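A.B. asks: In case you want the letters, here they are:
Number of protein chains: 2
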Amino acid sequence: MKNKIHFVVIRLLMIALMMRISFAQAQILPKPNAQQLAWQKAELGVLFHYDLHVFDPSKYAQSANRITPVADYNIFNPGSLDVEQWVRSAKDAGAKFAIITATHETGFALFQSNVNPYSLKALKWKDGKADIVKDFVEACRKYGLKPGIYLGIRWNSFLGVHDFIVDGTGEMQKKRQQYYNAMVEGMVKEICTNYGDLFEIWFDGGASGPEKGAPDVLPIVKKYQPNCLFYHNDQLAEARWGGSESGKVSYPCWSTFTYPSTGSGESTYKGISANNFELLKHGDVNGKYWMPAMADAPLRGYNGRHEWFWEPNDEQHIFPLDDLLDIYYKSVGRNSTLILGLTPDNRGLLPEADVKRLKEFGAEIKSRFENPIAVTSGSKKVLQLNLSKATTIKQFVIQEEIADGQRIRSFSIEYFSNGKWEKAFNGFSVGNKFIHLLEKPITATKVRLVINVAVGAFQITEFGIY
Amino acid sequence: MKNKIHFVVIRLLMIALMMRISFAQAQILPKPNAQQLAWQKAELGVLFHYDLHVFDPSKYAQSANRITPVADYNIFNPGSLDVEQWVRSAKDAGAKFAIITATHETGFALFQSNVNPYSLKALKWKDGKADIVKDFVEACRKYGLKPGIYLGIRWNSFLGVHDFIVDGTGEMQKKRQQYYNAMVEGMVKEICTNYGDLFEIWFDGGASGPEKGAPDVLPIVKKYQPNCLFYHNDQLAEARWGGSESGKVSYPCWSTFTYPSTGSGESTYKGISANNFELLKHGDVNGKYWMPAMADAPLRGYNGRHEWFWEPNDEQHIFPLDDLLDIYYKSVGRNSTLILGLTPDNRGLLPEADVKRLKEFGAEIKSRFENPIAVTSGSKKVLQLNLSKATTIKQFVIQEEIADGQRIRSFSIEYFSNGKWEKAFNGFSVGNKFIHLLEKPITATKVRLVINVAVGAFQITEFGIY
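Protein chains in written order, with our numbering: chain A, 158 to 623; chain B, 158 to 623.
One or more of the hints may lead you astray.
When chains are identical, the list treats them as one kind, so a pair holds in a single copy or across two.
Unchecked claim - Below, computed lysine-lysine pairings styled on BS3-like, alpha-carbon distance capped at 25 Å:
no.	residue 1	residue 2
1	K332	K216
2	K580	K299
3	K331	K216
4	K291	K281
Calculated from the structure, these hints are not laboratory results.
Fair warning: this is a prediction, and the values are worked out from it, not measured in the lab.
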């Protein structure tokens, strides 16, 4: 008895110690800000690429296009432009937000800019009065999607900007760099102030920063869109690229990262590009910075193509449904936000084949996840679902509350079948969402989630079987 | 008698021989084409400089401005723009044609371009719908002036063009140069096709040429404006810069030149810049190419300033009337075409002080030349004016017919006073117009013009006293 009491006391002391440690650790855990939380919970977004070369006869080739001005910008003439059709299609896919390339690498702006003359104002089309960004954000709001804006400022084939730096030499280069930086900052202000609240502002390739002679965009976004996800520059990335354009991240994928930004190259932060961007794909479990992963891929990325920009006769490169589902499981199902690249055609419409596939995809995801067999939640080490009868299970979903940081470090999913508990999966990261699709369905009468290691108190907001 | 006959025969033979030589020489004399003839007969034009930096707070400084983009092009906002007021003022000055800087060194286009987005289309002002070039040519036609257009393509601070060449390196530079050349050629086509018949197209600094990697503008002008004076590129100059921006040329000033163009530097044609552009100031009496001289000066070129562009508080730099008259005598009066630089202000009006001075100038020229004391014409070696009484004479005007070339090489003006002939002036070139203003008026009963040397048959269209 004395031994037993002794043992209990020691055990209680140990637990208290562990909890204190855990509590202390939890206190310094990085946490998402409001926009990061919203972005992660959104899970699925789309990014519409639209630029002058959609209208040219040649195949888009990024390395050539970014240094070659489009010969005649008046080729931009989408006779049947219907931005609402784009957005409806994104909604059909299940996207909760949608982003548009307000500028891409030509430098041509799809809005009424007062600082960048190379914009819709220059066109014969709609008498120079169109504002596709405005139409787009309005369409998003109409259909309940959050609007975001992408600004390509790293390249500008029209003005001669190469990796943020104005091409040239001597005093003219210096003066034009100053002008370019001010122009970009002006565009950022326009984007931040003319279109209401934005969900994400995406600076492609990172926005570099003033310390490298590049535009200083972060203070502008923070001033005028404090609740907007900032992606990204050398100083800050509120989300990170997931290390590939495959639409997938590696498992485990942590929402935390080693550095406050992913920078724009090895010179800024070490090791990011090592092993084919392994650090971006996984994140850093011990990272001090909250920086959830984005998995991006163009819908037209199948079978030897990888097309962010529309070209005729590319329909066979639209991902088949199965591939899209695989992407979904390996992005959303691995605690990252999936952003699918869509590209309207030269009529101004998302092509019928893309629309159809997105609808199929959205419907399939909905059908797979709208009716769980059973679901529970809680903060206990073991969460068990007792089923009334032997039930066939295809997939598991786990979600932890990430508002106070990502806390689960190791877990197991077990199921009771034929009189004994079996392991269905041993995992590490959960984060916003973990989905395990079984290779073969199982039949069980009970399932349980066992949290093996966690840092601080955790909260499972869903443990569900489907 | 025999001797006399012999002498007559020899003399006739000699005359015949001389005439043959003269005739032969006259045959190969360079002659003006129709646009050159019209341009020389016009005698006086104006050039309106108008660009973004009229609206900026800093003093215009060409070497800095041409490499520094204007920070905010929306400063261009001439609230009281009245192009007709400009043109009326030019007419008041006696100008027969007027030119406008459709683009200057910023690259900003004062017209509705479909190839250069950096244009009035980009502005908030007038909702991007203004076309100052169009308004200008219409105003010219309304008031009976011939419209011309100046295109600055040598520098473009916005696009980073330095002496026709796009700043930069490698493939991007090559591609942007191709783009720039095509853009310029596109603008030239727009200018040549959208505004009716033009009197002069002025490429500042010469337009270089495709053999140097620069835009190929000459064929476009020749195709679409065959009757327009082309000024100028490396291949052709239908007029030449008079070698200074003083508004004056040197005497004698021949309408012929050594080369078909003045090029854009020593590398193209030898000796042009030698001795402070002496060759341009005088021309080449034996030159094989017809290339009349242009004397240009900004109206605001007095007393330590030389301002093509408006700045506030520069009224004291408007040439006094006497200086303008001196310019007139040393340009128009020396067989060159005077082009005065005018610059409207940031209201869009030619300032009152400029307007007043131009009116004074026009009135004074008119008063000095509208009522000749006596005038004659003809093709005799000696043209004499017999006056009914002793008359005070202030100035002489001589004009030769230049349609078949400039033929007079040496002449004297003589007057009969106090019973004998006196020399008033010994001259060389006449050309379209020679004016001799006497230092002190003379009193005479007869005056005569003696042609000492001429190449081929000449025709004096006016010998007048004033």
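A.B. asks: All hints are to be evaluated individually against the structure, with a verdict given for each.
C.D. replies: The hints, checked one at a time:
1. In this homomeric assembly, K332 and K216 come within 25 Å of each other (Cα to Cα) only across copies, at 17 Å, whereas the closest approach inside a single copy is 34 Å.
2. In this assembly of identical chains, the alpha carbons of K580 and K299 never lie at most 25 Å apart, being 46 Å within a copy and 92 Å across copies at closest.
3. For the homomeric pair K331 and K216, the shortest alpha-carbon distance between copies (20 Å) is at most 25 Å, but the shortest distance inside one copy (34 Å) is not.
4. Proximity of K291 to K281 under the C-alpha cut-off of 25 Å is found in both arrangements, the shortest distances being 19 Å within a copy and 18 Å between copies.
Of the numbered hints listed earlier, the single one contradicted by the structure is hint 2.
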